[in-house]
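Going down the list, the sequences are from chains A and B.
The opening residue of the first sequence carries number 195 in this note's numbering; numbering runs sequentially from there.
The opening residue of the second sequence carries number 195 in this note's numbering; numbering runs sequentially from there.
Treat the hints with care, as some may be off.
Put simply, identical chains are the same to the list, so a pair is met inside one copy or across any two.
As the list claims (entries may be wrong) - Once the Cα atoms are required to be at most 30 Å apart in a straight line, the calculated BS3-like pairs of lysine-lysine come out as:
#1 523 - 256
#2 215 - 271
#3 256 - 271
#4 271 - 494
#5 579 - 224
It is worth saying that the hints were derived from the structure and are not from the lab.
This one's a predicted model, so the numbers in the text were calculated from it and none came from an experiment.
There are 2 protein chains.
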Amino acid sequence: MANAVTLSDRGRLMPASPIRKLVPYADAAKARGVHVYHLNIGQPDIETPPAMIEAYRTLDRKVIEYGPSGGLVTYVKALAGYYGRVGLDVDPSQILVTTGGSEALAFVFQAVAGVGDEIIVPEPFYANYNGFAVMSGVTIVPVATRAEDGFALPARERFEERITARTRAILFCNPGNPTGAVYTREEMSMLEGLAADHGLFLIADEVYREFVYDGVEHVSVLDLPAVTDRAVLVDSISKQYSACGARVGCIVSRNEELMATVLKFGQARLCPPTVDQIAATAAMSVPDSYFEGVREEYVKRRDLTCDALASMPGVICQKPRGAFYTVAKLPVEDAEQFAVFLLDGFELDRETVMVAPAAGFYATAGAGRDEVRIAYVLNTTDLEKAMRAFEAGLEAFGRGR
Amino acid sequence: MANAVTLSDRGRLMPASPIRKLVPYADAAKARGVHVYHLNIGQPDIETPPAMIEAYRTLDRKVIEYGPSGGLVTYVKALAGYYGRVGLDVDPSQILVTTGGSEALAFVFQAVAGVGDEIIVPEPFYANYNGFAVMSGVTIVPVATRAEDGFALPARERFEERITARTRAILFCNPGNPTGAVYTREEMSMLEGLAADHGLFLIADEVYREFVYDGVEHVSVLDLPAVTDRAVLVDSISKQYSACGARVGCIVSRNEELMATVLKFGQARLCPPTVDQIAATAAMSVPDSYFEGVREEYVKRRDLTCDALASMPGVICQKPRGAFYTVAKLPVEDAEQFAVFLLDGFELDRETVMVAPAAGFYATAGAGRDEVRIAYVLNTTDLEKAMRAFEAGLEAFGRGR
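The shape of chain A in the complex, shown without the other chains:
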């Protein structure tokens, strides 16, 4: 025993990606010459704003130095300007720049919750929240939402019955990944009251904040007066400027103690990427019309995808109001089996489609087994073909059972 070498159990506890099992099947399909439409991942095909690309191309530095741990001062100021333009009064001292929204989430988990503490999250939720929970020794406590209700938040009581002495925060993604749900003013007020009454942090992952459709209002967590000291915004340029590989995100909060704490975490990792921040600063000057064009495009994609899904027999898909995902309930028992079938047992005109089984977005065992997440991140021509393949696949899968 003395010389056995063992890892910590964190690795074992880390959840596998919801699509991990599918990848070899997708590779095999491609090897057979079958074209696979990837609706399984939130990697948009939208072009990064040229002004941002240009910032890399005109880089004028002889030494790529460390920046401040909290972010480049010029970028932080530009960010504060952006929040001001969307109606949120944010001081630069209330912003910490992070290496993507991922690091922002990791830092916030660490700051608000100790080992053994709990964070309540409406499910289905972004699967990587599980990863940050494991890494920080925090437990995620799910509260159910349903496809039939468009994944709207349940009544306040459903949250309250999950609150314990270890509960530290409520975390939610708005607009939602994987659901696309955008919470109404009423839902946000309910969360506000809950956090205020129970002394909880309210952590909003708003990385899809610019992707809200149909004239719906997006209510930011920073726009809730009763929780000024406990609201935490997690943001990122990844989706906003279609720059997922530029690892730049941020934490915004008016809680000074929290900001001092996350800055300490930031100091331990020195700084976020310098050149990506220079590029992100350039992105901040992109005019509003950029988002308008992007939103128009996504509305077309969403309508095409959701209308197609809703027309399929037995499929439940409420048209979501934000982000670029939808979770559809399928007339199948095991959506993972179906997702494998699409790649392994089926093709339509040498084409097929890859989707993410939704069970991986639930913490409750067995939940979401008949659901898939579809990311409508391709152009409408491709999406149309992808949905045709999906429908034919669903039919074929039904016949096969």
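Chain A is fixed; fit chain B onto it per the hints.
Positioned in the frame of chain A, the structure of chain B alone reads:
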């Protein structure tokens, strides 16, 4: 009590930066028009290789996409090539690209040690190890080394007496920050035997691996046959290519289970910066002559700095063989007080110098109180002036007490 909002104790436990107290004094000195030579931080003034800068400037992408969680395939292959050239047989599957050496350290802490586990580290050590320890709930157990011995490793027994049932690894920085010490083949064999006999991981932070002087051999942790399955290398381009703000590092290990685990952590944060990796790939083609030139420059700087220090009455400074730091023992009781004095109570021809009090690099309370870390990262002209100011300051401080 119900509505009190509280943070976790991780923030409180996070150690402050060793130079935190000095920063306002440095700012005030500058405001008074006094020039401050920064020997307090490892930010080299060496130019980033032009080929790397050029890679940003010729970026040819329309979308800055996510890369693979383990790193861009081309970059991983280039890295394997680099290790091959320096005599280490590394397969691309044994490499995970990280967001700087910082993330590599955080992932390795998480992978090898659970909450409450212990990692043994020779002190003084890189202060941010404390931060990663707090964030992962791991305890650092120090083993003393001394300025008088050039910070060489102590006898194996000194390590063995710190090993408990919770010990999971020995972590060391080689060449060392803050000491500049380069471990001999004998010291490395001692660690190898220790790790093999006690079933511990051996984690080597080799981010200064190219900064070894005087023809001394650098023995990598990957070059220890008895610990093939428990050797973990942490590396980074930050110092190597003077590109600290390009956040690109890596973990290298032949332990498949460990690599699978850190890949899971990597998946949770999606990917390291895409464009920085493209630039890092370009850096890999920089010829060996680049390092030779850099080493020559640092040897000059080291000799100037250490010769100056050694000539000062009561100062102990063994000339280190690597990195670009040295820890000097001073004839003062409280080196932090002296460091403040240099900024606040002293100037020589409108100039002074900022150094890092070394106590922050020790885990043992009270250790290193009479030591400072000096980073010889400025050109020799500036260094000479800085050391002149340092000597005059030390004299003035002595007279004042």
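Here is what the structure says about each hint:
1. For a Cα distance limit of 30 Å, the shortest separation of residue 523 from residue 256 qualifies neither inside one copy, at 54 Å, nor across copies, at 35 Å.
2. Proximity of residue 215 and residue 271 under a CA criterion of 30 Å is satisfied inter-copy only: 25 Å between copies versus 43 Å inside one chain copy.
3. When the C-alpha separation of residue 256 and residue 271 is checked against a cutoff of 30 Å, the pair qualifies both within a copy, at 24 Å, and between copies, at 26 Å.
4. Proximity of residue 271 and residue 494 under a CA criterion of 30 Å is satisfied in neither setting, with 34 Å inside one chain copy and 41 Å between copies.
5. Taking the closest pair of Cα atoms, residue 579 and residue 224 come within 30 Å of each other only inside a single copy of the chain (17 Å); across copies the shortest separation is 64 Å, beyond that limit.
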